[in-house]
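Trainee: Chains as they are written, first to last, in numbering that gives the first Met the number 0: chain X, 0 to 410; chain R, 0 to 410.
Derived by calculation from the structure, the hints in this document are not laboratory data.
For each residue, glycine too, the CB sits at the ideal point set by N, CA and C.
Errors might be hidden in some of the hints.
Covered by chain X, per the in silico footprint, the following chain R stretches (three or more residues, Cβ under 8 Å) [what the hints assert, rightly or not]:
1. 214-226
2. 239-245
3. 295-301
4. 307-319
In silico PhoX-like pairs for lysine-lysine, Cα to Cα no more than 20 Å straight-line [said to hold, decoys possible]:
5. R:K127 <-> X:K388
6. X:K333 <-> X:K378
7. X:K333 <-> X:K376
8. X:K391 <-> R:K207
9. R:K114 <-> X:K388
Number of protein chains: 2
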Amino acid sequence: MKIHIITIGDEILIGQIVDTNSAWMARQLNLIGAEVNWITSTSDDEAAIKHALGNALLDTDVVLITGGLGPTKDDITKKCLADFFEVGMVFSEETHARILRLFERWGRSPTPAHKEQCFMPANAVLLKNKMGTAPGMWFEHNKQVVVSMPGVPVEMKYLMEFEVIPRLKERFQGKPIAHRTILTVGEGESRIAAKIEDIESSLPTSLKLAFLPGLGQVRLRLTGRNSDVLQMNRELDDYIHQIQDRLKEFVFGHDTERLEEVVGRILRERGLTLATAESCTGGYLAHRITAIPGASDYFLGSTVAYSNEVKQKQLGVKAETLEKHGAVSEATVKEMVRGALALFGCDIAIAISGIAGPDGGTPDKPVGTIWLAIGNKDKTQTLKLQLGKDRKGNIKYTAVQGLNMIRLFAG
Amino acid sequence: MKIHIITIGDEILIGQIVDTNSAWMARQLNLIGAEVNWITSTSDDEAAIKHALGNALLDTDVVLITGGLGPTKDDITKKCLADFFEVGMVFSEETHARILRLFERWGRSPTPAHKEQCFMPANAVLLKNKMGTAPGMWFEHNKQVVVSMPGVPVEMKYLMEFEVIPRLKERFQGKPIAHRTILTVGEGESRIAAKIEDIESSLPTSLKLAFLPGLGQVRLRLTGRNSDVLQMNRELDDYIHQIQDRLKEFVFGHDTERLEEVVGRILRERGLTLATAESCTGGYLAHRITAIPGASDYFLGSTVAYSNEVKQKQLGVKAETLEKHGAVSEATVKEMVRGALALFGCDIAIAISGIAGPDGGTPDKPVGTIWLAIGNKDKTQTLKLQLGKDRKGNIKYTAVQGLNMIRLFAG
């Protein structure tokens, strides 16, 4: 089953809101074997809506429209649909009665606009919307289906879950589809691709592999499509294992997991506590770690040692070390680790010092030179990064590398 | 200037990622008087990309494509573009040299895929991408423009800002348009609107006011469109002053300034130093402050005191205070301020302790209860927030309130 989603609303086209509805709808539709082939965003304008609808119906089974319904603006969308299907508008007594009941419950009185809202294209099958006043509308057109829903997320989600998806399931039987994602960190996209080239070329036609690069991380998404669900899952499992075995320690998790979540789980399982000592990342690594609910189980705190005095006084970095090697040096981050272990009484400490940019570099240590160290009472490991001049990017990339060091050190 | 955005990538159509690029692009384009009329998302598939491109060119001046470029998958998009424009592929020595330099700096060696990446459609004008290996491409087609950019947000944003927008501005000249934005913090959208209702209704037709609410902040954008540039600027100045005079201390800056930038400027001008003591925000406030280049001039550091032991040992919060009032209390944040002033030897310290959620609340102190305190050697001020259950939102909103406290305290 092929699906085209149309989202109606100027607020998307001027960038005032991000369209999160489409991604949610796509995930739900994938679960029943339906494939979203297009997403189109168009303005609250009659000609644009008609053009989008006509275009969508050229090559699809189902068109799902969100937005453009509601007490202040549903006229345009409903009028477009009625014109498109060449039908008139009829008054829905059922909708009117439901709106009156809703307002009674809210203890308020409806406006004239709410009565207007009860006029519907004559060929619409109304879909009950328990979350708002505007019902969904289901249209059959030749062998195609067009559905119109309000754009308010809770209303759209209610209609999808209880009205639209059950009907689509009954009507169309697609080949089941499944996605599995392997999450990697610490190696670039092209090197990951080279390492698994032979596995990729041996994939059966029922499986498809996609590389999705991010900052310091690459996700590998394997998609299966097969009428035999057992076989599909077997194939997916088999290839997921093959790829994981090949990529080994670069793999940190699956699907929608976040690196800081995985790090937290490892620390909690091992019963280890952590502290950070941050200079150039300025608390961003601590923020990533504490963005996970329950982080207080393993995270004790951080010293953001932005000035050299704080490095010395609180973390015990020696004046000679700073003088001889500088604040951005292997020697300094090693002493920061020792200092943080003592100060926080934690099992593992990680330290970062670098030149985040865009200025502040020297010929010896250009902008983007960043040192990391991690240690426990027995040992310390270090890592040097040589990044670019983008301060924000450098801070984020360094935090990802730091999280990965914690994962490998504690794991 | 009419614009059609095409985003390429299965990850959007299966709902794995939400398309945030388009909204960002739309906002930037609006600022130069360009209008996004359509956004289309399509899959990594040759026929689909060509269909989308052909369709887009039917009724637009500019097509901006994101996604489908990168070392493992740029073949399809570039091949589609070359086919579409009926040109061959040529090897770009310049791109190759740039990739080699990048890899040399990273201390790694490129793979064969990176060499493949240097082949470009013969009619492409290459746009320098300092954030990644794949350059942007600019095509002229009849009187229309097609631009292709990688989908990785930092790369797309760099290309838009430094290459695409300046070229579009030069090429298309509409009626002169100017935007001025007043930035406010600490008051909600509807209250701000009520305060300036009379000013808004007195605006001449050549000026338009938009309210852009954000987390704890509301931006007021005044847009002028007038063939008489002098008059436009005079009117803009006049109304900007009227609105500012009315909103007084809620106004913290203009245009694209960030609150943390303004805070940094005030501290630098006053010659004051700052430290933070953070519990529930976990270093996020320090991160916001240190995201600004040169923050080391006024920011000394932070103690992220996630555990109570750290609050006591490092910040000197008394055991009795924690026992009697709890870690989330006015008494605790006041002691954290005193502790941070002593520990960092700074002029101003700010402290935060709260229940970020989603769990951990009690009937007395529900999730979202957050205390802030700010002080110098002479005085301390406190603020209590009662927020919702969204951990991420609570952390970010609290940081904005904290920055605003610093602004008002130091200013």
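Trainee: Hints broken by the structure, by number, lowest first?
Mentor: 1, 2, 8, 9
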